[in-house]
Amino acid sequence: MTVADLEVLGPGDSEEAPPTDETGKKITGRSPTRIALDRLRKDKVAVVCAITVLILILLGVLAPLINSLLNIKADAPPSTPATQYLVLGYPKPETGPPYGPFNWEHPLGLAPNVAYDNLARLLIGIRTSFAVALIATVLTTLVGVTIGLIAGFARGAVDKVISFVIDLFLAFPFLLGALALAPIITNRFATNQALLGKAQFFSLIGVLVVFGWMGLARLIRGQVLSLREREFVQAARVIGVPTRRILFKELLPNMVAPIVVSISLSLPGFVAAEAGLAFLGIGLTNTPSLGQTILRAQGYFNQYPLYLWAPVVTVMVLVIALNLLGDSIRDAFDPSTRR
Amino acid sequence: MRLNKPIIAVSTVALLALAACGGGDGDTGGPPGATNTANEEAGNAGSGQDPTRTEGPAPEIEGAAEGGTVKVISVNGLNSMDPSEAYYTNTGSILTNLVTRQLTQYVYVDGEMVLIPDLATDLGKPNDDFTEWEFTIRDGVKWEDGSDVTAEDVAYGIKRSFDRASFPEGAAYSNDYFVNGDTYEGPYKSGEDYAGVVVDGMTLTLKMATPFPDMPFWGAFPAIGPIPKGEDDPAEYRNHPWSTGPYKFADYKPEQSLTLVRNEFWDPATDPGRHAYPDSYEMSFDTPTAQIDQLMLQDSEPATLTYDNVSAPNYPQMSGENADRLVVGSDPCTFMWYPDYRKITDIKVRQALAYAYPYLDAIAASGNIDGVTRSVGTNIQPPGIPGREEFNPLPEHEKGGTDAAKAKALLEEAGEVGYEINWLYPTDDPLLVDTQKVVKAALEEAGFTAAPVATTLADFSTLRADPDTDINVRSGGWCSDWPSGGSWFPPVFETTALEKEGLGSNYAVFSEKKVDDQIDTILASPIEDQPTLWNELDQSLQEEFFPVFVTAYGGVAMQHGSGIMGMEVDNTYGMPTWKDIWVQQ
Chain A
1 MTVADLEVLG
11 PGDSEEAPPT
21 DETGKKITGR
31 SPTRIALDRL
41 RKDKVAVVCA
51 ITVLILILLG
61 VLAPLINSLL
71 NIKADAPPST
81 PATQYLVLGY
91 PKPETGPPYG
101 PFNWEHPLGL
111 APNVAYDNLA
121 RLLIGIRTSF
131 AVALIATVLT
141 TLVGVTIGLI
151 AGFARGAVDK
161 VISFVIDLFL
171 AFPFLLGALA
181 LAPIITNRFA
191 TNQALLGKAQ
201 FFSLIGVLVV
211 FGWMGLARLI
221 RGQVLSLRER
231 EFVQAARVIG
241 VPTRRILFKE
251 LLPNMVAPIV
261 VSISLSLPGF
271 VAAEAGLAFL
281 GIGLTNTPSL
291 GQTILRAQGY
301 FNQYPLYLWA
311 PVVTVMVLVI
321 ALNLLGDSIR
331 DAFDPSTRR
Chain B
340 MRLNKPIIAV
350 STVALLALAA
360 CGGGDGDTGG
370 PPGATNTANE
380 EAGNAGSGQD
390 PTRTEGPAPE
400 IEGAAEGGTV
410 KVISVNGLNS
420 MDPSEAYYTN
430 TGSILTNLVT
440 RQLTQYVYVD
450 GEMVLIPDLA
460 TDLGKPNDDF
470 TEWEFTIRDG
480 VKWEDGSDVT
490 AEDVAYGIKR
500 SFDRASFPEG
510 AAYSNDYFVN
520 GDTYEGPYKS
530 GEDYAGVVVD
540 GMTLTLKMAT
550 PFPDMPFWGA
560 FPAIGPIPKG
570 EDDPAEYRNH
580 PWSTGPYKFA
590 DYKPEQSLTL
600 VRNEFWDPAT
610 DPGRHAYPDS
620 YEMSFDTPTA
630 QIDQLMLQDS
640 EPATLTYDNV
650 SAPNYPQMSG
660 ENADRLVVGS
670 DPCTFMWYPD
680 YRKITDIKVR
690 QALAYAYPYL
700 DAIAASGNID
710 GVTRSVGTNI
720 QPPGIPGREE
730 FNPLPEHEKG
740 GTDAAKAKAL
750 LEEAGEVGYE
760 INWLYPTDDP
770 LLVDTQKVVK
780 AALEEAGFTA
790 APVATTLADF
800 STLRADPDTD
810 INVRSGGWCS
820 DWPSGGSWFP
830 PVFETTALEK
840 EGLGSNYAVF
850 SEKKVDDQID
860 TILASPIEDQ
870 PTLWNELDQS
880 LQEEFFPVFV
890 TAYGGVAMQH
900 GSGIMGMEVD
910 NTYGMPTWKD
920 IWVQQ
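Sequence lines, in order, name chains A and B. Taking our numbering, the leading residue of the first sequence gets 1, the next gets one more, and so forth. Taking our numbering, the leading residue of the second sequence gets 340, the next gets one more, and so forth.
Please note that a few of the clues may not be correct.
To be verified - Partial list, derived from the structure: chain B residues whose beta carbon lies under 7 Å from chain A: (1) A704; (2) G706; (3) D767; (4) A793; (5) T795.
What the hints assert, rightly or not - In silico lysine-lysine, DSS-like type, Cα no more than 27 Å apart, as pairs: (6) B:K410 to B:K682; (7) B:K687 to A:K92; (8) A:K92 to B:K738; (9) A:K73 to B:K779; (10) B:K410 to A:K198; (11) A:K249 to A:K73; (12) A:K73 to B:K410; (13) B:K687 to B:K747.
These are calculated hints, taken from the structure and not from any lab test. The beta carbon of each residue, even a glycine, is placed where N, CA and C say it ideally should be.
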């Protein structure tokens with residue numbers, strides 16, 4: 001029996017499901033995840049954030065489809081030459097903002113200098129952000145959990161070495177690593193643009209993962225250290241359960257809560273990091289991304305606010321929604337915050 | 340000449356698009372139509388010489404008043420202010436116009452920069468084949484401590500200009516043209532005994548190894564002026580170069596600020612060119628571009644000016660409501676695409692490239708404003724070089740036009756459809772990435788295979804200068820050091836010893852014996868015939884070989900406050916006409 005099950009049976013969940021005589025049996029039948037989900041469903045903030053995130057995910061996944069339906073281009077002017085849409089670098093009034101009225105052909109207007117469609121770029125940017133953040137989160141979680149489990153369960157030298165490596169990676173400046181890697185990738189794949197795009201994408205994820213797994217690893221290690229001495233683990237060892245089984249069947253299920261929380265909080269972190277790196281010019285350069293658009297638009301805050309605010313607000317909404325959702329998930333999974 | 344932008348600092352010649360130049364309009368409800376900034380008219384880079392204007396003081400400017408302090412703001416700090424090393428547009432222009440005097444100087448006359456005598460009493464007397472120049476130094480010129488400037492001081496300054504080890508950033512014309520210029524290494528290393536500079540009383544005789552008809556222009560560089568012997572430690576002198584001009588250094592914090600105050604020992608009667616109306620200049624550097632633009636748009640401090648270009652987003656507003664506070668003009672730069680002459684051997688392919696290139700879209704994508712900070716053209720010599728007359732080497736090609744069909748036809752004719760074009764672009768500047776995309780799309784539409792090669796801003800110049808880099812087109816440009824074809828064709832088109840010297844500024848790796856000979860002939864021709872000959876060479880070179888094509892000429896758009904008067908564009912530097920500036924009280 002795991003700790004979570006014990007807690008569920010305990011008296012602490014009286015508010016969650018009033019222990020009336022009729023429903024008494026139902027309490028015993030609910031898994032911790034189920035309880036957490038029920039609590040999430042009642043949390044209005046969580047529901048709103050989840051819907052927002054879902055919409056953004058849909059926009060990102062369907063971005064190419066939406067762009068082709070609306071006939072807007074993220075990476076090229078509506079037709080060449082681009083200068084036919086521009087006056088002194090700004091889009092002409094008939095294409096919409098900043099000088100013209102709203103225009104269905106280009107709902108967010110055109111970008112200065114290149115006449116790319118802002119909405120198309122924004123959608124592809126959301127797609128890029130999610131792709132990077134999701135892959136990076138999955139990978140950091142895998143790496144972090146594995147290393148944390150090993151470090152916590154193996155005593156002595158292995159634990160010391162792993163802890164030292166964790167400290168080493170924590171000490172290494174993330175930004176410096178990203179800055180150093182970008183030109184290396186560029187020069188390595190200089191002559192093949194398609195490959196360069198992929199290389200930048202994966203190196204970005206690589207940088208985020210390499211410098212992002214330590215927090216979770218430490219957390220898991222700490223959890224394992226405290227659980228390792230608990231009776232159910234001792235019992236399993238005494239009856240000769242193999243180590244792998246103890247790790248994955250006894251320990252891991254008890255750490256679902258911290259892992260889910262870590263995932264939900266690192267997603268917005270990676271979205272922000274991707275935008276930040278792109279803003280510094282060391283992220284993706286061939287694929288549109290939100291940070292890149294912000295970098296281009298920063299000089300236009302006064303003259304063409306929509307150009308700047310659209311990606312800024314998108315990043316903000318995305319990060320806030322994911323963060324609040326993460327908070328709610330943590331609250332829902334954490335027995336000590338039961339309200 | 341070096342531009343004062345950091346991206347250029349590694350290379351003698353201008354690269355390509357500089358990040359932020361150009362414009363945007365805000366609250367007027369619509370962008371003003373293309374402003375009539377007329378780069379063509381504004382750009383008359385030093386069309387002439389006026390050896391007759393020898394006597395000071397400079398003629399008064401109507402309405403100009405003395406007094407006041409001019410504030411100058413810029414995003415870039417100053418590089419070395421040692422006259423022997425000042426080779427950036429900002430350092431050279433500030434020194435030669437305000438602080439130091441040299442053999443000759445430029446003055447602004449009706450939209451043109453004219454070369455007139457400065458320390459010398461005339462523009463120099465050459466011998467028949469321009470291998471010996473004689474300059475007589477004016478009496479009555481004083482250092483900022485009151486002592487006399489002698490011909491010996493000037494000779495010492497010239498000798499100092501040979502020292503490439505102490506002054507690696509300085510211009511190397513002395514080494515290139517003077518007798519033993521390649522072996523003499525300046526007074527610190529080779530001693531002061533040098534046969535190329537002979538002093539006799541107040542007369543200097545300069546001896547050349549090869550004909551140097553443009554010596555009077557080189558004489559306008561800060562390096563060809565006096566240096567006080569004994570006070571000239573190369574490590575220290577850059578922080579306080581001794582003044583012979585109207586202003587002297589009062590306080591200089593490198594990379595931060597420079598304050599210039601009047602030099603009371605400057606006698607206007609000895610100076611035919613400088614006015615010096617303001618009492619002082621306060622320059623502060625390291626001001627962010629956005630802040631400069633906001634200060635200028637609001638005009639909160641009327642006696643302020645900047646020599647930085649107005650940034651693209653703010654250009655329309657500045658040129659609309661505040662057009663009277665924006666000065667636009669040309670700088671002496673031509674931006675070109677240089678197909679590698681060794682690799683792209685078929686002239687038809689090179690011509691097809693010129694038809695296919697998206698001139699206007701590339702200007703826009705790089706954040707420049709067509710007709711202001713960039714303008715299209717066909718001559719290699721930019722507007723304003725004496726003797727320049729417009730011509731079109733591709734008669735069916737409209738200036739600045741893109742004709743994919745014609746390009747394709749030429750490629751088919753040459754049997755080279757799908758010809759692969761490789762050129763460098765840095766991935767860490769979004770504007771340059773955009774430019775690359777625009778060019779790539781246009782080339783592909785014209786039937787080329789476009790395979791741009793990615794690099795970083797840091798490596799760009801080095802890779803481009805390496806003759807073995809695996810690219811077949813180099814994008815870049817050349818800024819002339821003085822308005823004469825002699826500052827264009829020898830450096831850009833003369834055969835270079837690839838193994839020994841690398842590309843130099845011959846990015847096309849162009850090598851034709853015929854052109855080399857023509858250049859030599861023109862350099863030895865009478866000086867008054869040269870402008871026409873250079874222009875003829877420009878045309879015949881392009882019509883016969885079409886080695887490069889011009890993507891744009893450079894331009895500047897500088898802002899000033901409502902209290903600043905007399906600020907125009909000195910198009911030999913692309914900087915303000917410091918000599919004529921005055922403050923309205």
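* Between K410 of chain B and K682 of chain B, is the straight-line Cα distance small enough, at 27 Å or below? -> Violated. K410 of chain B to K682 of chain B sits at ~51 Å, over the 27 Å cutoff.
* Is K249 of chain A close enough to K73 of chain A, meaning Cα to Cα at most 27 Å? -> 50 Å, violated
* Straight-line Cα separation of K410 of chain B and K198 of chain A no greater than 27 Å? -> Status violated; Cα separation ~49 Å.
* To do: Take a quick look at whether K687 of chain B and K92 of chain A sit within 27 Å of each other, Cα to Cα.
  => With Cα atoms ~37 Å apart, K687 of chain B and K92 of chain A exceed 27 Å; violated.
* To do: For the pair we were handed, K73 of chain A and K779 of chain B, check the Cα-Cα distance against 27 Å.
  => 16 Å, holds
* If you take the shortest Cβ to Cβ gap from A793 of chain B to chain A, is it below 7 Å? -> 5 Å, holds
* Asked: Hey, does the T795 of chain B contact hint survive, CB to chain A under 7 Å?
  -> 4 Å, holds
* Pairwise hint evaluation, K738 of chain B against K92 of chain A, where the allowed Cα distance is 27 Å at most -> With Cα atoms ~23 Å apart, K92 of chain A and K738 of chain B stay inside 27 Å; holds.
* Mind checking the alpha carbons of K73 of chain A and K410 of chain B for me, to see if they're no more than 27 Å apart? => The given pair, whose Cα atoms are some 46 Å apart, is violated under the 27 Å limit.
* Against chain A, with CB atoms and a cut of 7 Å, does the hint on G706 of chain B hold up? -> 6 Å, holds
* At a threshold of 7 Å, is the proposed contact between A704 of chain B and chain A supported by beta-carbon distances? -> 5 Å, holds
* Hint check: is the beta carbon of D767 of chain B less than 7 Å from a beta carbon of chain A? -> 4 Å, holds
Figure legend: structure checked against the earlier numbered hints; hints not met, in rising order: 6, 7, 10, 11, 12.
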